[in-house]
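With these hints in hand, go ahead and build the complete structure from the sequences.
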Amino acid sequence: IHRSLMSMAQKLFEVVGGGDKGGIVVREAALLSSPELPRLATGSIVEELESTPAGRLRYRLLRGSGPQTGWVSLKLKEKALLTPCTEASGLAAADDAPSTSGGAEASSTSASSAAATSAVPTAAA
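Residue numbers (the working numbering): 2 to 126.
Source of the hints: derived by calculation from the structure; they are not laboratory data.
Careful, some of the hints might be misleading.
Capping the alpha-carbon separation at 30 angstroms, the derived lysine-lysine pairs in DSSO-like fashion look like this [stated by the list, open to error]:
no.: 1; residue 1: K22; residue 2: K76
no.: 2; residue 1: K12; residue 2: K78
no.: 3; residue 1: K80; residue 2: K22
no.: 4; residue 1: K80; residue 2: K12
no.: 5; residue 1: K22; residue 2: K12
no.: 6; residue 1: K22; residue 2: K78
no.: 7; residue 1: K76; residue 2: K12
DEER-style ranges, computed between Cβ atoms [to be verified]:
no.: 8; residue 1: Q69; residue 2: K22; range: 16 to 26 angstroms
no.: 9; residue 1: G56; residue 2: K22; range: 14 to 24 angstroms
no.: 10; residue 1: T87; residue 2: S34; range: 28 to 38 angstroms
no.: 11; residue 1: K80; residue 2: E37; range: 11 to 21 angstroms
no.: 12; residue 1: V17; residue 2: P39; range: 16 to 26 angstroms
no.: 13; residue 1: P54; residue 2: T84; range: 14 to 24 angstroms
no.: 14; residue 1: R61; residue 2: A81; range: 17 to 27 angstroms
no.: 15; residue 1: E49; residue 2: K80; range: 17 to 27 angstroms
no.: 16; residue 1: P36; residue 2: T87; range: 30 to 40 angstroms
no.: 17; residue 1: G20; residue 2: G56; range: 30 to 40 angstroms
no.: 18; residue 1: L77; residue 2: A30; range: 12 to 22 angstroms
no.: 19; residue 1: P85; residue 2: G20; range: 16 to 26 angstroms
no.: 20; residue 1: A81; residue 2: Q11; range: 18 to 28 angstroms
no.: 21; residue 1: T53; residue 2: E79; range: 13 to 23 angstroms
Don't be surprised by glycine CBs; every beta carbon is placed ideally from N, CA and C.
Laid out in structure tokens, this is it:
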């Protein structure tokens, strides 16, 4: 029973690569030749949906910015692009981290509230 519970547990990863490029490359399918999507931001937390023996991971975005789902590489040459994290540490770190997305890219909800907020004049300059 313990093993079946372990296999049902979420496998979470933190995006650690792509810091100098605004995140890591996401593709529509597992093939490296499939169309490219917007990048998955460094520091994002994702849940593994499936993986390939070639080191490709289909994910669901839990925290951070980028496509809600897509395929990413776990490594580029010898450099890790994603590292495993536990649910508690990964999500707590994501909750505590300040947002660096500028608001407009995070989600449609925050983008609309950021647009509404930016239209209101503020006293602080």
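Status of the hints after comparison with the structure:
| no. | hint | verdict |
| --- | --- | --- |
| 1 | K22 x K76 | holds, 15 angstroms |
| 2 | K12 x K78 | holds, 23 angstroms |
| 3 | K80 x K22 | holds, 15 angstroms |
| 4 | K80 x K12 | holds, 20 angstroms |
| 5 | K22 x K12 | holds, 25 angstroms |
| 6 | K22 x K78 | holds, 16 angstroms |
| 7 | K76 x K12 | holds, 17 angstroms |
| 8 | Q69 x K22: 16 to 26 angstroms | holds, 20 angstroms |
| 9 | G56 x K22: 14 to 24 angstroms | holds, 19 angstroms |
| 10 | T87 x S34: 28 to 38 angstroms | holds, 34 angstroms |
| 11 | K80 x E37: 11 to 21 angstroms | holds, 19 angstroms |
| 12 | V17 x P39: 16 to 26 angstroms | holds, 18 angstroms |
| 13 | P54 x T84: 14 to 24 angstroms | holds, 19 angstroms |
| 14 | R61 x A81: 17 to 27 angstroms | holds, 20 angstroms |
| 15 | E49 x K80: 17 to 27 angstroms | holds, 19 angstroms |
| 16 | P36 x T87: 30 to 40 angstroms | holds, 33 angstroms |
| 17 | G20 x G56: 30 to 40 angstroms | violated, 20 angstroms |
| 18 | L77 x A30: 12 to 22 angstroms | holds, 18 angstroms |
| 19 | P85 x G20: 16 to 26 angstroms | holds, 18 angstroms |
| 20 | A81 x Q11: 18 to 28 angstroms | holds, 19 angstroms |
| 21 | T53 x E79: 13 to 23 angstroms | holds, 19 angstroms |
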